[in-house]
Amino acid sequence: MNSNGKETLLQVDDITLSFGGVQALSHVSFDVAKGEVLAIIGPNGAGKSSMLNVINGFYHPQSGTVTYKGRSHRQMRTHEAAAEGIARTFQNIALFKGMTTLDNIMTGRNLKMRVNFLWQALHLGPARREEIEHRRYVEHVIDFLEIQAIRKIPVGRLPYGMQKRVELCRALASEPDLLLLDEPMAGMNVEEKEDMCRFILDVNDEFGTTIVLIEHDMGVVMDISDRVIVLDYGRKIADGTPDEVRANQAVIDAYLGLSH
Amino acid sequence: MIYLEAGQYKTTYEDDQAIFPIAQDRYLVLAAVLVAFVAVPLVANEYWLQALLIPFLIFSLAAIGLNLLTGYAGQLSLGTGGFMAVGAYMTYKITTAFPELNILLVFIFSGLIAAAVGIVFGLPSLRIKGFYLAVATLAAQFFIQWLFNKVAWFYNYNPSGTITAPPREVFGVMVTGPEATATVRYLVALSLLVLFALAAKNLVRGRIGRSWMAIRDMDIAAEIIGIRPLPTKLLAFAISSFYCGVAGAMMIFLWLGSAETLAFDINVSFQVLFMIIIGGLGSILGSLLGAAFITLVPIFLINAPALVGVHMEVALERHIESIVFGAMIVYFLIVEPNGFARFWQITKQKLRRWPFPY
Amino acid sequence: MELLIQVFVAPFLDMAGSPVFLLEVIINGLLTGVMYSLVALGFVLIFKASGVFNFAQGAMVLFAALTLVGLIERGVPGWLAIVISLGVMVALAYAVERWMLRPLVNQAPIILFMATIGLNFVLEGSGQIAWGSNVKELDIGIPDASFDVGGILLNEFDIYAALVAAILVAGLAVFFQKTAVGRALRAVADNHQAALAVGIPLKTIWIIVWSVAGAVALVAGIMWGAKSGVQFSLALIALKALPVLILGGFTSVPGAIIGGLIIGVGEKIAEVYWGPVIGGAIENWFAYMLALVFLMFRPQGLFGEVIIERV
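Protein sequences, first through last, are from chains A, B and C. With our numbering as the guide, the letters of the first sequence map in order to residues 817 to 1076. With our numbering as the guide, the letters of the second sequence map in order to residues 7 to 364. With our numbering as the guide, the letters of the third sequence map in order to residues 157 to 467.
If you're looking for bench data, these hints aren't it; they were derived computationally from the structure. No residue lacks a Cβ here, since even glycine has one placed at the ideal position from N, Cα and C. Just so you know, not all the hints are guaranteed correct.
With a straight-line Cα cutoff of 30 Å, these simulated BS3-like cross-link-like pairs (lysine-lysine) come out [claimed, not checked]: (1) B:Lys135 with A:Lys913; (2) B:Lys156 with C:Lys359; (3) B:Lys356 with B:Lys16; (4) A:Lys1009 with A:Lys968; (5) C:Lys204 with B:Lys135; (6) B:Lys16 with A:Lys928; (7) C:Lys359 with A:Lys913; (8) A:Lys822 with A:Lys968; (9) B:Lys16 with A:Lys913; (10) B:Lys207 with B:Lys16; (11) A:Lys1009 with A:Lys850; (12) B:Lys356 with A:Lys968; (13) B:Lys354 with A:Lys913; (14) A:Lys913 with C:Lys204; (15) A:Lys822 with A:Lys885; (16) A:Lys968 with A:Lys913; (17) A:Lys928 with B:Lys207; (18) A:Lys968 with B:Lys354; (19) B:Lys135 with B:Lys207; (20) C:Lys204 with C:Lys383; (21) A:Lys885 with A:Lys928; (22) B:Lys356 with A:Lys913; (23) B:Lys99 with B:Lys135; (24) A:Lys928 with B:Lys99; (25) B:Lys207 with A:Lys913; (26) B:Lys135 with C:Lys359; (27) A:Lys928 with A:Lys968; (28) C:Lys292 with C:Lys204; (29) B:Lys16 with A:Lys968; (30) C:Lys204 with C:Lys334; (31) B:Lys156 with A:Lys968; (32) A:Lys885 with A:Lys850.
In silico negatives: residues of chain B with every beta carbon more than 10 Å from chain C [as the list claims (entries may be wrong)]: (33) Tyr15; (34) Ile25; (35) Phe26; (36) Leu34; (37) Tyr53; (38) Phe115; (39) Pro173; (40) Arg174.
Using the sequences provided together with the hints, build the complete structure.
Next up, the structure:
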């Protein structure tokens, strides 16, 4: 429980991460309540993507802990994070280019599939049942994000905005409890952005998924997030509701530049 | 018109996920299998079976094996010959030690041993990728070839250093050895190929195939989704080596009759690699097409000059062959990385509309 | 038990028993290693400048040597034959750029790698069609005699080979570090598109680097050919350069040299002391196994750069 009386899903405590001599994150702490939409903002190179990479175990911080669902991890492992229900999308789309939309999204169900390879080679009984059962769920997500028409198309041929949507779809297919979105609207036009905002809010509403997102478009951030964290040079400089953050002097300085 | 799928509505996910969702494909494949099983044995003579069809079937199996590893899982291997040798020599050891054991079962056991060897040499794939891994698989190729050559136990201390297929019956029919007819060996090889090709197709369209392709296309993203790289890659190495092992066993026991390690040298590894590049990386059908092409070209090169009255020396034929294969590889990588398999798809697309192009 | 002693104890006793012989083995290994380094250098050049792992380097060695010997056999004087062979390698570089690299630009490295396997076969086939596939003598006037230095038997030819390698490496180092072309090469190696954007002509650079690699292949071909005759197996010897590269790292010229020396020495010691116990001819695979084990612990090689993965 945190101060607002809501259950805490994720707690990041005193994380420090550096590559060689470059300090990417220093002593960053924050928590995410269950069902919340949290935005991480900050200038380029502030350590936002690194923060997501620490949460899902891709980077291992030099110090600090990540507490997820009440369990503390000195280091999260990526596949553990995935198994525990953390899914994410990437700043530069990370779809599997040689596969169709449907197959890409089906990979999101991989962790939930159990049937061993001998049954799969026969494609009988349990293997077939399992495949169909998961296909059903995937179709549900496909309907939800309105991408029925591109099911069988190799993702490499889709336009950029669509690829972003397929990536979100793949993340959702794993039924995540925590969804990390790295600039979900980068490079989109206004219309696509509106669609994406709607999907994010719908996901949060209907599935109750907790969302942590990185975004540069301030209008979007202020509209859809419950809370905003501001990073600058790897440090957290503000944490609060959109209105509080907007009024924060340190944030204004970081964005507008301050003569020292 | 011919390939028009209009009117074929799929009402269940099951129908949609079938191997051949389009009815025409189903009939075509069925017809091909029927021809292969019934018509070919009636028509083909000893030469065609021995020189063309049996090696085609065996190399198809090896090519499917390598394609699972390289085309689907994205792990380049130059050790195919080595893994095939494991299958061949293990079959020889097991069947000479237990003569009453069904030879087809022995093939499977040997394949499993090849799979284990594949796992050992696949372990470096955790840390290394791409051509680094290719070099590591060269270690498998050279070490295995040396092992079977130097350690006499593997060829039962036979002074000639070769292994020979002993006569073995299955259900009262002679399957291997000098008395086995080419037709029988052809049918056995065909049956094994059809079974294993089907199994491979099933694997690649399910969870395992998707995780292989995910690792191939973007390993980091795959890992973050929860696909663990090491077990996934090792499974690819194991299954691929199993296929190659069985193919190697078939090579000695259903085709050549006897051989030494030279039959599995690095050139075999390259040959199989060429098959999947020319046929199509990441395609089961492509493996078959590539194997057919690579088996046909030398035969064509040997026979074509004779037809027009020119005599060509074997050495010259070999060199032309290697130029043709090499040039084809470069050509396909540039123009159509999906190989013959893609040509087939394009043809089908055209046939959908033919003869009314608009 | 006896086998264990033979494998784990006896070889070391042998080494301690006759340190002079051990030294001789090591020195001979070093000298063979130099020859591997010669071939590996060509790989490193091309990899550095174009990011292509050129599997065909071995075939280029064979092709160059065949061309040279073929010309000499037909009565062309030695110096002219070398000049013409160099010209052929430059023409080859041009053809490779035009018909292989240019159409494949920006493809995945593994695709380019497979394309060079294709090139490998084209070169092997065409070289042997043009010049015949029988073993050919190549006499470049260096005596293949052994002499004695303080009880250690050395081969004069190997000493020359080491000298040639040293000169070649020094020359390449100067070329890379001091000349404008060398700087452009390094820029291209870092980032193709950025190099293009600042106006470095990618095409020319590729032709130059493949030509230089062709020249290195010619030198390697001459040395190997003079040592063991010009024949098909040259292409296989060149495959040994692959483990050398893995040890040394793909992008490092000193790495190629030191990797070659390590492989040369390791192979000789293994063959002399362990070979008889486990059946001999282990030099066919020893280098690959050594590289494989090494890779498990240090995937980037001795001198390669560590790669930080990002998403």
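Right, here's what the structure says about each hint:
no.: 1; hint: B:Lys135 with A:Lys913; result: holds, 19 Å
no.: 2; hint: B:Lys156 with C:Lys359; result: violated, 49 Å
no.: 3; hint: B:Lys356 with B:Lys16; result: holds, 22 Å
no.: 4; hint: A:Lys1009 with A:Lys968; result: holds, 24 Å
no.: 5; hint: C:Lys204 with B:Lys135; result: holds, 18 Å
no.: 6; hint: B:Lys16 with A:Lys928; result: holds, 26 Å
no.: 7; hint: C:Lys359 with A:Lys913; result: holds, 29 Å
no.: 8; hint: A:Lys822 with A:Lys968; result: violated, 42 Å
no.: 9; hint: B:Lys16 with A:Lys913; result: holds, 26 Å
no.: 10; hint: B:Lys207 with B:Lys16; result: holds, 21 Å
no.: 11; hint: A:Lys1009 with A:Lys850; result: holds, 25 Å
no.: 12; hint: B:Lys356 with A:Lys968; result: holds, 19 Å
no.: 13; hint: B:Lys354 with A:Lys913; result: holds, 23 Å
no.: 14; hint: A:Lys913 with C:Lys204; result: holds, 28 Å
no.: 15; hint: A:Lys822 with A:Lys885; result: holds, 13 Å
no.: 16; hint: A:Lys968 with A:Lys913; result: holds, 13 Å
no.: 17; hint: A:Lys928 with B:Lys207; result: holds, 22 Å
no.: 18; hint: A:Lys968 with B:Lys354; result: holds, 16 Å
no.: 19; hint: B:Lys135 with B:Lys207; result: holds, 25 Å
no.: 20; hint: C:Lys204 with C:Lys383; result: holds, 29 Å
no.: 21; hint: A:Lys885 with A:Lys928; result: holds, 19 Å
no.: 22; hint: B:Lys356 with A:Lys913; result: holds, 25 Å
no.: 23; hint: B:Lys99 with B:Lys135; result: violated, 34 Å
no.: 24; hint: A:Lys928 with B:Lys99; result: violated, 42 Å
no.: 25; hint: B:Lys207 with A:Lys913; result: holds, 20 Å
no.: 26; hint: B:Lys135 with C:Lys359; result: holds, 28 Å
no.: 27; hint: A:Lys928 with A:Lys968; result: holds, 22 Å
no.: 28; hint: C:Lys292 with C:Lys204; result: violated, 33 Å
no.: 29; hint: B:Lys16 with A:Lys968; result: holds, 14 Å
no.: 30; hint: C:Lys204 with C:Lys334; result: holds, 16 Å
no.: 31; hint: B:Lys156 with A:Lys968; result: violated, 53 Å
no.: 32; hint: A:Lys885 with A:Lys850; result: holds, 10 Å
no.: 33; hint: Tyr15; result: holds, 39 Å
no.: 34; hint: Ile25; result: holds, 28 Å
no.: 35; hint: Phe26; result: holds, 30 Å
no.: 36; hint: Leu34; result: holds, 31 Å
no.: 37; hint: Tyr53; result: holds, 27 Å
no.: 38; hint: Phe115; result: holds, 26 Å
no.: 39; hint: Pro173; result: holds, 31 Å
no.: 40; hint: Arg174; result: holds, 30 Å
Checked against the numbered hints listed earlier, the structure breaks hints 2, 8, 23, 24, 28 and 31; every other hint is satisfied.
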